[in-house]
Every structure is written in C-alpha cells, then in structure tokens.
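Top to bottom, those sequences are chains C and H.
So in the numbering used here, spot 114 of the first sequence is number 114, and the numbers just go up one at a time.
With positions in the second sequence counted from 1, the corresponding number in the numbering used here is that position plus 1000.
Warning: the hint list may mix true and false statements.
Said to hold, decoys possible - Output of the computed footprint for chain H on chain C, the stretches with three or more beta carbons under 8 Å from beta carbons of chain H:
{"no.": "1", "region": "187 to 199"}
{"no.": "2", "region": "207 to 215"}
{"no.": "3", "region": "265 to 273"}
It should be emphasised that the hints constitute simulated quantities derived from the structure, not laboratory data.
Built from N, CA and C at the ideal position, the CB exists for glycine as well.
Here are the chains, one letter per residue:
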Amino acid sequence: MTVPRQTLFLFFGLLVLAAVAVAVGETALSGAQYRQAFSDPGSPPGEILWSLRAPRVAVAALVGAALGLSGAVLQGLLRNPLAEPGVLGVSAGGGLGAALAIALGLAAVSGAVELAALAGALAAGALVAFASARFREPETLILIGVAISAFGGALTALVFNFSPSPVTSAEVLSWLMGSVANRDWSDAAWALPPMALGLALCLYARPGLLMMTLGEETAALSGLPMARLRAAAVAGAALLTGAAVAASGVIGFVGLAAPHLVRAGARNDPAAILAPSALAGAVLMVVADLLARILPTEVELKLGVVTALFGAPVFAAIAWRAAKSWRS
Amino acid sequence: MSSLAQLSEASVSLADRPVLQAASLSVSAGEMVGVIGANGAGKTTLLRALLGLAPLTGGTARLQGREVAHLSDAERASLVAYMPQERRVAWSLPAWRIAALGATDRPAGAARDAALAGLARVGLANLAERGVLDMSGGERARVLLARLLITHAPLMVADEPTAGLDPDAQFLALERLREKATGGRAVLVTLHDLTLAARTCDRLIVLANGRVLADAAPSLALSSANLARAFQLDGALIDTPAGPVVAARRLV
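The task is simple: from the sequences and hints, build the whole structure.
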C-alpha cells in the first residue's frame, strides 16, 4: 500500500470506528432513541451520545494521535525502533507532575493536575533535549531517557510513600493507569493548543528525520539545520506527550506500536510515517477505549491496562515479523 | 588549480589524546587525493577536521577559502559531500530513496532520476526498489556511494569507499570517483589498499601517528622509507604492465 492510500484507509477507518464508539456503549439505545439523539441533542439519549461518549472518543483519538506521532518522531530522530515517549521518560515526567499535584491536594482545582502533567512532561522533555544536544549517539540518549524514566518513576513512588491518605494514593494510581472516562469537550479543547504546537514542531523537523536514516554525520553535512530540527523534534514530541498525559493519564505502548503498525506500508520512510502513525495511534486508542467500555467487567477497565494487555502481545508478534526490516 | 579545501597546521584531540597534529593539506578542483596510513593514524579524523565535524584544537580548516566553522549548514553542504565510514542505515528504505538523499536540492522527479542513474553507475540498476537492509553490506555500500556521486558538491569526500567491496566493485567505485575528479570536482578519499591508491590517486597523503609524513605523487609517497615508517612494511612500489603494484611484507 502506498503512503497516501494507507493514510486515507486509516483516516476513514478512524471515522468509522469513532462513529461506532459513539454509537455503542454500556447503555443500550433503541432505534427511536438514536433518532431522538440526532433530532434533539439536548434529550437524554442525545446527552449520552454527544456529551458523554463523543467527547470521550474525541479525547481518546487526540491522545492516540499525539502518542503515535510522538513515537514516530522519536524513532526517526533516534534511528531506533525502541524509542517512544515512554522509553525516554517524557511520560514518566508527566505522571510525576500529576502525582505531585494530586498529593498536594490540587485535584479539586480545575486544570491543575493537567497543567502539572504537562509541566512534568515538558521538564523531562527539556532534560532529553539537553542530553540530545550534548550526546549525539542515539543509544546514549535512549539510556539517558531510561534513567530519566526510572527516576521519574521512583519520585512518583515516593509521592505514594508520603501520600497523606489512601484516597489520594488511589487517585494517583488511577491516574497513572490512564483513562478517558468522564472527559468532556473542554478536555479536548484544552489538549488541542499544546498538541497543535507539537504537531507544527514535528512537521518542521520532518525532513531531518529522513536524513537521519543515514546517521548523524551525513545528516550534519546534508545542509539541513540539524541542531534546530533535533530541538524541534524533541520539543514537539514532549509537547504532544505532555498534552496526552494531561488529558488521559499515562498510556504506554501506543507511542511505540503505532509507528510499527504502519512502517511497512510507508516503505520504512521515517518522514512519510508521521501522518499514518498519528492515525494508527488514534485508531488504537479509540478501539482500546471502546473495549474498556464494553467488556463485561465489574469495574470499567483502565485504558492503560487495555492498551498494554491487548497491545503488548500484538506488538510482540509485529516485532517478530518486522525485526528484519529494522536493522541488519 | 584553485584550492577547494585546505587544512593548515590542524590539530585535533580526542579525550585529551592528540589524534591529529599540525596537519596541512590542500585539495584542488580536478584532482583525486588519497589519504593512507595504518589503523589509528588519523585518517578519518583528518577528513572530519576538514569538514568541520571534529573541533580543532589548533590550526584552521577552510572550504573555498572560508573557515569551515563559520559556514552555515547550507553553505557547507553546497561545497562538500561526504560518505562516512559508518555504513549503518537505520531503516530499510528502497535503494533509490537512499541514493536520492544526495539530490535533495532538486525537485522530487529529478532527484529520483538522478538516483536511478547513480545506482546504474555503481552497477545496481536492477536493485533500485530493494530495501537497503535486504542487501549485502557491499551492495549497501554502493548505494551510499551512488548517493555521494549524484551530489553537485565541488568537493567529494569518501572515508574508505572500497571497504567491504569485492575486487571488481573496488575498481568500479574508484573509477567512478576518478571520473568526478576528471570532470572537475575535487575528490578526497581514505584507502587501505595501497595498490589501488597508487593507481587511482593523483597524490597521496601518508599519515603516521596523526602527522603528515608525506604529501606527494604516489611514486614518491609510497617510497620504501615511507612504507616502513607509516606501515612497518618492508616493501616497494613496482611498475607492472597492469599498473603499479605495492609489494610488501611485514618488517620484523
């Protein structure tokens, strides 16, 4: 499949899945109720579709797209199929920011936890950016990212340790497992500006990703302003991840897997892969959230749990098959 | 001949160890210059110093008379193209896409045409669509050479362009670079095969322990004294009907 065809396929696939995700849910609606939802959006069925499910699906799609794009950009920049915001510690930074805010009792302040998550992710992103300017070897950067991630995780555990009450602990834990339950349109609107800025930075860095295929030195002599492109790529990925963590908590696997799902279709082009990766990420999240909602479990499954539970084995299978195309 | 690239008394240290010491060289349009020396003699560092990739601790590196450190990324790319020794390609793009990265200054269609022509020049016309990680190391090296060959840069620098190639492909690679020099470009290569170096280069720079030991025509640069000092070889450059040959054995 060529890149434009793959992108179109994913785009329409996402639209169909999003429509299904809005239509289907825990509360079964009759045909008449669906008609009522369309004719009178303010009616109870309309409320269920447009105020409960639709924003949730929108946030899931936005978060998935942000994580997928961020993963694709980081894999291209670091020339490494293992790179993703989780591995580089950006997600852990966001998680730590949110955990701190919740522990400090800021959960009641509107937007405080989200802002703290964004700030945490950006702080971790700044560390990665600083390291990327200093160390050019992708492996070094990934090791530093792993260290940042572990340190962020340790500090989050410390927050648990000193957490004033079990309620706070439960709140932090629930947040770290990731969810888009009860999100409304304001959550989607809130996530959009940082994601748009992150997207712009990633698009700016795009030509550098293709040139990085040949390594640091060839890229440096290609005429592209690699120092600026690198900074833009890291900052863009951090903004996208930060906004995603702020909107939904920490969700693993999507940033890693989405690029791999579309890599073969994009003929391994690390620049052409950006749009399909974003769309694949959105599809994964919408499907995962739909599963979380409709699986007949006593307590609704957390989104991060679903992505990991279903995604990890699928990803292992893809990795098995695709290992050949990564690197000889 | 105008000097396209110049190192003057250039020194480079890596981890406080001097790897290039007061090295000077000049490469002009129309000539092919080879850099030879034992492992660790400083060949790659010499190239990197000239390209502004290795910071100098002394001396200057100039491209077309301008200090390389003061050139913008775009200016430097318009003056020089580089094929590093590192052959790792991160993703298995089709060969023609990799080769086309040497023509990013041209529209997509022209870049593709140039890439296909470049692959044909290195004998890979029938592998243009193959993923580079599904190729042998030697084939991949030729794809990277094609990328270098299709650039418009007046100076072409290649670090061991023949490494990993079969004998025929080694001749082919150096012939293609030789053609570029004949066509008016300046070509600077590092080589390990002294016979190939003698046959294809106008001039050889002999490096030993980070210092330029000789900078002369192959017949002079490959003197028995230089072979002994730079390579610990007991040898000589011999003329044969097929061209000059370096015959040597280890000094014990």
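Right, here's what the structure says about each hint:
Counting residues of the region 187 to 199 of chain C whose beta-carbon sits less than 8 Å from any beta-carbon of chain H gives 0, not enough to reach three: the coverage restraint is violated. Restraint check on the region 207 to 215 of chain C versus chain H: 7 residues with Cβ-Cβ distances below 8 Å, three needed, restraint holds. Remark: the region 265 to 273 of chain C is confirmed as covered by chain H, as 4 of its residues place a Cβ nearer than 8 Å to a Cβ of that chain, reaching the required three.
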